[in-house]
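Engineer: Given next are the chains, with one letter for each unit.
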Amino acid sequence: MTEVLLDWRDSDRTETVSVPDGETILDAAAAADIGLPFGCRTGACGTCTARLLSGDVVHHRPPRALKDRHLADGYVLLCIAEPRTDAHLAVGATVQAELVPNPWK
Amino acid sequence: MSDAEQPAETGTHEHHNHDHEGPGYATPQAAIEEAEPEQTAYVMGLHVGQDVDAPDFLAVVDVDPDSDTYSEIINRVKMPNKGDELHHFGWNACSSSCHMEGLERRHLVIPGQRSSRIHIVDTKERRDPELTKVIEPETVYDHDLSAPHTVHCIPDGEILISMLGDADGDLPGGFLELNDDFEVQGRWDPPGEIEMNYDYWYQPRQNVMLSTEWAAPKTYYPGFDLDDVEDGKYGQRLNFWDWEAGTVEQTIDLGEDGLIPLEARFLHTPESTHGYVGAALSSNIIHFHESDGEYHAEPVIEFDDREHEGWDMPVPALVTDILISMDDRYLFGSNWLHGEVWMYDISDPSNPRKADSISIGGYFGDIQQVQGRDIVAGPQMLQLSLDGERLYWTTSLFSSWDNQFFPEEAEQGSVMLKADVDPRKGTMSLDREFLVDFGDLPEGPARAHEIRWPDGDCTSDVWQ
Numbered sequence: 001m002t003e004v005l006l007d008w009r010d011s012d013r014t015e016t017v018s019v020p021d022g023e024t025i026l027d028a029a030a031a032a033d034i035g036l037p038f039g040c041r042t043g044a045c046g047t048c049t050a051r052l053l054s055g056d057v058v059h060h061r062p063p064r065a066l067k068d069r070h071l072a073d074g075y076v077l078l079c080i081a082e083p084r085t086d087a088h089l090a091v092g093a094t095v096q097a098e099l100v101p102n103p104w105k
Numbered sequence: 001m002s003d004a005e006q007p008a009e010t011g012t013h014e015h016h017n018h019d020h021e022g023p024g025y026a027t028p029q030a031a032i033e034e035a036e037p038e039q040t041a042y043v044m045g046l047h048v049g050q051d052v053d054a055p056d057f058l059a060v061v062d063v064d065p066d067s068d069t070y071s072e073i074i075n076r077v078k079m080p081n082k083g084d085e086l087h088h089f090g091w092n093a094c095s096s097s098c099h100m101e102g103l104e105r106r107h108l109v110i111p112g113q114r115s116s117r118i119h120i121v122d123t124k125e126r127r128d129p130e131l132t133k134v135i136e137p138e139t140v141y142d143h144d145l146s147a148p149h150t151v152h153c154i155p156d157g158e159i160l161i162s163m164l165g166d167a168d169g170d171l172p173g174g175f176l177e178l179n180d181d182f183e184v185q186g187r188w189d190p191p192g193e194i195e196m197n198y199d200y201w202y203q204p205r206q207n208v209m210l211s212t213e214w215a216a217p218k219t220y221y222p223g224f225d226l227d228d229v230e231d232g233k234y235g236q237r238l239n240f241w242d243w244e245a246g247t248v249e250q251t252i253d254l255g256e257d258g259l260i261p262l263e264a265r266f267l268h269t270p271e272s273t274h275g276y277v278g279a280a281l282s283s284n285i286i287h288f289h290e291s292d293g294e295y296h297a298e299p300v301i302e303f304d305d306r307e308h309e310g311w312d313m314p315v316p317a318l319v320t321d322i323l324i325s326m327d328d329r330y331l332f333g334s335n336w337l338h339g340e341v342w343m344y345d346i347s348d349p350s351n352p353r354k355a356d357s358i359s360i361g362g363y364f365g366d367i368q369q370v371q372g373r374d375i376v377a378g379p380q381m382l383q384l385s386l387d388g389e390r391l392y393w394t395t396s397l398f399s400s401w402d403n404q405f406f407p408e409e410a411e412q413g414s415v416m417l418k419a420d421v422d423p424r425k426g427t428m429s430l431d432r433e434f435l436v437d438f439g440d441l442p443e444g445p446a447r448a449h450e451i452r453w454p455d456g457d458c459t460s461d462v463w464q
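Top to bottom, those sequences are chains B and U.
UniProt numbering numbers the first residue of the first sequence as 1 and each following residue consecutively.
UniProt numbering numbers the first residue of the second sequence as 1 and each following residue consecutively.
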């Protein structure tokens with residue numbers, strides 16, 4: 001069991017979730033009645049993208065929605081992410097929106 | 001007259017002096033002549049990609065100008081799960097099966113683009129539809145398909161859904177077939193006929209189907225990345241199928257003229273081989289037609305990029321939706337980034353002539369408010385009344401692309417707007433009294449996407 005601090009970047013909201021071994025952060029949050037954005041639940045769509053601020057998190061399937069530059073920047077997909085240590089993550093829809101900027105702007 | 005008093009309440013059309021008993025209309029002209037003005041619209045409503053912890057929904061919108069609740073969301077069917085991204089949807093039956101006694105145009109088939117979950121909604125009570133069945137994603141993945149998009153009924157009562165990816169959200173996509181009890185029959189096409197998939201339309205009298213290409217779900221789901229375009233990860237081909245055999249007979253590579261070919265529309269006349277595809281990124285409208293046993297395709301409308309003050313590069317129009325009026329006289333479309341709804345006369349299909357346009361919303365629209373409400377994104381999904389006199393549109397494209405290009409829409413929600421069309425003069429005028437605000441809902445602001453009518457649509461009815 002690890003403790004994961006979820007930090008909604010655009011507000012003061014934070015929540016702490018206890019994640020049993022072998023469970024994803026998204027599932028543990030849902031079990032605790034904490035709603036997070038998600039879509040495909042298979043690592044393809046990126047809707048659940050969060051950013052790791054501290055701790056160690058691994059993906060149990062290939063995180064296909066994330067490119068190498070995203071992985072290098074600490075982005076993780078909560079639908080397939082399992083914490084290996086206590087962790088602190090920035091969450092919420094605006095984190096996903098950072099992945100690809102408006103190319104014309 | 002209220003819907004409750006209508007004889008057509010069950011979703012079937014009352015036929016007058018026709019020799020068929022099935023759903024829909026005998027001909028496109030019959031649809032124009034026999035259809036009552038639309039009173040109810042079904043609109044996809046979404047919370048995906050927002051910090052709104054609620055499922056997506058089917059919105060029932062009152063479009064009866066004599067009603068006290070005109071231009072309001074009067075009911076919603078909330079989906080049982082969050083995270084679906086409801087996107088495009090279709091009827092279990094259309095005019096393609098108007099010879100099929102016993103079939104009714106009654107059930108909406110509503111896929112979740114991100115979840116791969118498929119919902120069946122019964123519209124027997126037009127203003128109080130009911131969710132009756134859910135096909136779970138695992139059942140779809142069993143056929144190595146995901147990301148359901150376009151739903152068309154096919155003439156024998158079955159339903160075909162274009163699927164944009166394999167079970168992992170990668171390529172190739174394909175087609176999933178449901179039977180008339182809404183059970184998954186299996187894969188319609190032999191795997192490997194196509195790589196990318198998106199929209200499709202079929203013309204059974206010509207034994208042809210056309211499918212277009214977006215990209216692998218894993219490519220377009222997270223957002224639009226120009227690097228992916230340079231890497232060839234976005235589509236630029238039209239695939240023409242043998243409709244009976246389910247095999248690709250001809251592929252046309254449009255090259256840079258046809259980057260991201262999205263909506264495919266044949267003319268409604270069942271004899272016609274003419275039609276159009278909107279190439280979103282190339283800002284072109286492609287005209288296609290058959291001659292000498294082959295299909296030919298070329299751009300016939302081209303929209304120029306526009307400079308935006310202080311931005312790095314000129315902005316393409318991003319043609320995201322097109323539709324053809326039921327009389328095959330006009331082509332309508334939306335330039336989502338530029339903020340323009342346009343109307344072309346296609347009496348000569350190879351030489352469209354601009355009829356009119358409305359500049360609203362987007363990055364450059366002349367009108368940025370309706371009834372004091374900010375229009376925070378451009379015009380997107382269109383739907384036209386069967387008589388061709390009222391054009392409606394919503395403003396959301398796809399949640400992650402919305403967040404990239406119009407982030408305000410997540411906070412303020414979409415709107416649904418309307419223009420009055422004069423088909424005789426070829427003009428449109430914005431109805432400044434009509435506004436459906438998806439920004440003001442109990443769970444939070446919502447996106448609004450595709451629109452359908454209970455009595456058939458200019459974007460779904462096909463004739464045998």
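A hint or two may mislead.
To be verified - Just some of the chain U residues that point at chain B, by a computed CB distance under 7 Å:
id	residue
1	Y221
2	V300
3	F405
4	Q464
Unchecked claim - In silico negatives: residues of chain B with every beta carbon more than 10 Å from chain U:
id	residue
5	L5
6	D21
7	R41
8	T49
9	A65
10	T94
11	N102
12	K105
Hints listed in this document are in silico derivations from the structure and should not be mistaken for laboratory results.
Every value quoted in this text rests on a predicted model; they were computed, and no experiment measured them.
Glycine included, each C-beta is placed from N, C-alpha and C at the ideal position.
Engineer: Look at each hint and say if it fits the structure.
Structural biologist: Tested hints:
| no. | hint | verdict |
| --- | --- | --- |
| 1 | Y221 | holds (4 Å) |
| 2 | V300 | violated (25 Å) |
| 3 | F405 | holds (6 Å) |
| 4 | Q464 | violated (36 Å) |
| 5 | L5 | holds (17 Å) |
| 6 | D21 | holds (24 Å) |
| 7 | R41 | violated (7 Å) |
| 8 | T49 | violated (8 Å) |
| 9 | A65 | violated (5 Å) |
| 10 | T94 | violated (8 Å) |
| 11 | N102 | violated (6 Å) |
| 12 | K105 | violated (5 Å) |
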